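Sequence lines, in order, name chains U and W. Number 206 in the UniProt record's numbering belongs to position 206 of the first sequence; there are no gaps in the numbering. Number 166 in the UniProt record's numbering belongs to position 166 of the second sequence; there are no gaps in the numbering.
In case anyone wonders, no lab produced these hints; they're calculated from the structure. In this text the structure is predicted, and so the values were computed from the model without any measurement. Positions of the beta carbon are idealized from the N, C-alpha and C atoms, including for glycine. A hint or two may mislead.
EDC-like mimics (lysine to aspartate or glutamate), calculated; alpha carbons at most 20 Å apart, straight line [what the hints assert, rightly or not]:
#  : chain 1 : residue 1 : chain 2 : residue 2
1  : U       : Lys142    : W       : Asp21
2  : U       : Lys142    : W       : Asp164
3  : U       : Lys235    : W       : Asp50
4  : W       : Lys193    : U       : Asp326
5  : W       : Lys173    : W       : Glu304
6  : U       : Lys36     : U       : Glu301
7  : U       : Lys36     : U       : Asp329
8  : W       : Lys193    : W       : Glu225
9  : W       : Lys281    : W       : Asp164
10 : W       : Lys173    : W       : Asp50
11 : U       : Lys36     : U       : Glu307
12 : W       : Lys193    : U       : Glu332
13 : U       : Lys32     : U       : Asp326
14 : U       : Lys36     : U       : Asp300
15 : U       : Lys142    : W       : Asp54
16 : W       : Lys173    : W       : Glu306
17 : U       : Lys235    : U       : Asp145
18 : U       : Lys142    : W       : Glu46
19 : W       : Lys288    : W       : Glu270
20 : W       : Lys193    : U       : Asp329
21 : U       : Lys142    : W       : Asp50
22 : W       : Lys281    : W       : Glu323
23 : W       : Lys173    : W       : Asp186
24 : U       : Lys32     : U       : Glu212
25 : U       : Lys210    : U       : Asp198
26 : W       : Lys284    : W       : Asp202
27 : U       : Lys32     : U       : Asp275
Quick look at which bits of chain U chain W covers, simulated, 3 or more residues with Cβ under 8 Å [what the hints assert, rightly or not]:
#  : segment
28 : 34–44
29 : 96–106
Here chain W is said to cover these stretches of chain U; the calculated rule only asks that three of the stretch's residues, wherever they fall, bring their Cβ under 8 Å from a Cβ of chain W [unchecked claim]:
#  : segment
30 : 125–132
31 : 164–171
32 : 315–327
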Amino acid sequence: MPSGESSPATNLDVNRHLAQFRQMCRIREFEKAAIKAANERLVLGAIHPSIGQEAIAVGVCSNLRRDDIILSTHRGHGHTMAKGADALAMMRELFGRAGGYSQGKGGSMHIADFSVGMLGANGVVAANINIAAGAAHAIRLKGEDRVVVCFFGDGAINRGPFLEGLNWAGVFRLPILFVCEDNGFAATTRTHAMTAGDGPAARAEALGIKAEIVDGNDLFAVDAAARELIGIVRKGTPRFLLARTYRLTGHTSADTAPYRPQEEVAERWLNDPIDNCRGVLERAGVAAAELAAIARGAEDEMRQAYEMARDSAWPARELAYADVQDVGDPREVAF
Amino acid sequence: MPVMTYMEASRQALAEEMRRDPMVWAVGEDLGRGGVFGQYRGLIDEFGADRISDAPISESCILGAAVGAAMMGTRPVVEMRFSDFALCAVDELVNQAAKARYMFGGQTRVPLVVREPIGMWRSSAAQHSQSLEAWYAHIPGLVVAVPATPADNKALLKAAIRCDDPVVYMEHKGLWPLEGEVPAGDVVGEFGKARLVREGGDVTIVSWSAAVHTVAEAAVRLAEEGIDAEVIDLRTLWPWDQGAVLGSVGRTGRLLVVQEAVAVAGFGAEVAAFVAERLHKALKAPVKRLGAPRIPISYAPVLEDEVRVRTEAVVAAARGLVEY
Ligand SMILES: Cc1ncc(C[n+]2csc(CCOP(=O)(O)OP(=O)(O)O)c2C)c(N)n1
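Looking at chain U on its own, in the form it has when it is part of the complex (with noise of 0.2 Å):
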């Protein structure tokens, strides 16, 4: 697997790459911390770390506006936050807290902020696909150049959500990037010994999209093909990516990943996608002291964030009953 030794190191635009290294930081410590709290029982709910794909989110959002859309997965964090989302409002949220992004209603698996356009993260496997499409649907009824990109796993393309999403896409030419992270596992078996034929890029070429692939562990790979990708969708055709990673953690934070060699997953670790961006910015001429500044910040934020989680007041219980719909008194009948 090519590490950032392969991205273009020459003529790198340093403050653009630095904030981008500062978010895969941010992204890094938010999951760290969440992981934590998960551990000590104060996240109750199931977390999907992102650790490893960091390069992804941050390498893709870094070329969107800030009211072009997102759709997100089970594994979300770092989508939501590389979108520019309120890391605070996340951790609150995944501690089902007052303040959190759903009043604490959704968790971890259904984070949204509209704000930002990010339009939520999704629990069921490949959902966001046709969602993704509706949403660029709208924006082509209604004019605009706006563009959407939908983020999903491998293994997303085994349900049917991918074959109508794509073919809509297609065949409506909607402005939607969408981003296949590969990361070679669908809980906890291999993607490639569940799917059929040449993989996820095939089956987008299949429906007449065209698909690039990237090295998901280099941030420059991906962000140099994200602009080019977005570029072409705001015009309005669709596009696909395909990012290939590794999940670095378990499927989810109480996973421990038995069912895979741990010299496998040491071996990954070793194209760790911060590292590799980190050796790029210092061989471009950033000092050592800089990056550690960077982390350090990143992690001082997420404690923070944390503990701030950690001491919010329980929403109040009448929201229980808020948001369901307009019409019908959701107590009628149950008291």
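Please build the complex by placing chain W with the ligand on the supplied structure of chain U, with the hints as guidance.
For chain W with the ligand alone, coordinates are given in the frame of chain U:
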């Protein structure tokens, strides 16, 4: 008042709403050619192919895309052609549309209408004739409308399109040609408000959709026998007019619920239990449900008719309650 068919009434409602609000658009298979039953006939000429939009045979994407498009501020009217096919999009409707507002903490609304024609349609057999309205009444977040008359099919479709929450809108295939008076102008229905079809003091019969007409017929026969049935058409199953039903049964002391759907775990069970819980002392007879036996719908007319709730059965059940 102008007279028109049930089908014409909803076509007019959609056209008027699309004229009123440019964000309203319809999507489904074969809409460009007018829809399977002709409910969309002619609309593409006025509104164009972007707003009367032909979709691939992708029920899951039709509904899922409608969710995304609704979140983005448009108001899609989704056509499922037969409610049976909406089962290919259960996740999109039940897990996505119905819950997005709640699980995202009120950050979004999903103003979409899913049109799902229900009911028996001669010799359409087990996969084109179901009445699954009870499934949706069970799901928090959904409105369920089951219009029985042309007037209601216009007024309730308008209400559905203006509703900011997802509405499952179930027209009965057997009612498409039914004619009736429809008030002119912009009459918008109200969810959760039943229609008093007929007044009577001896027994309350609650029904909805096409079964209302069977019940109305039965009430005429019962009157000939000297039994005055009060007939209530619920019009919407969530919300439903609990007050109207309680008030009526409070007066008559007898409740019969009649539905075309399978009786087991149908919406009639909800009405019966609700009334039994609250009016136990006022009841002069046990509450009674009529519905289809728990078997799929057959092809041969003679077998199909076996599951149909007929006028005679309604008459007999009502008489049984009065004579209890
Ligand atoms: C429709 C559906 N089936 C099964 C699951 C359980 N599930 C949650 S995540 C997951 C694996 C998904 O794999 P992939 O799409 O590759 O994403 P990754 O977890 O690798 O990011 C499964 C099977 C689900 N959430 N939804």
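Violated hints - listed by number, lowest first: Violated hints (numbers, rising): 7, 8, 9, 10, 13, 23, 24 and 28; every other hint is consistent with the structure.
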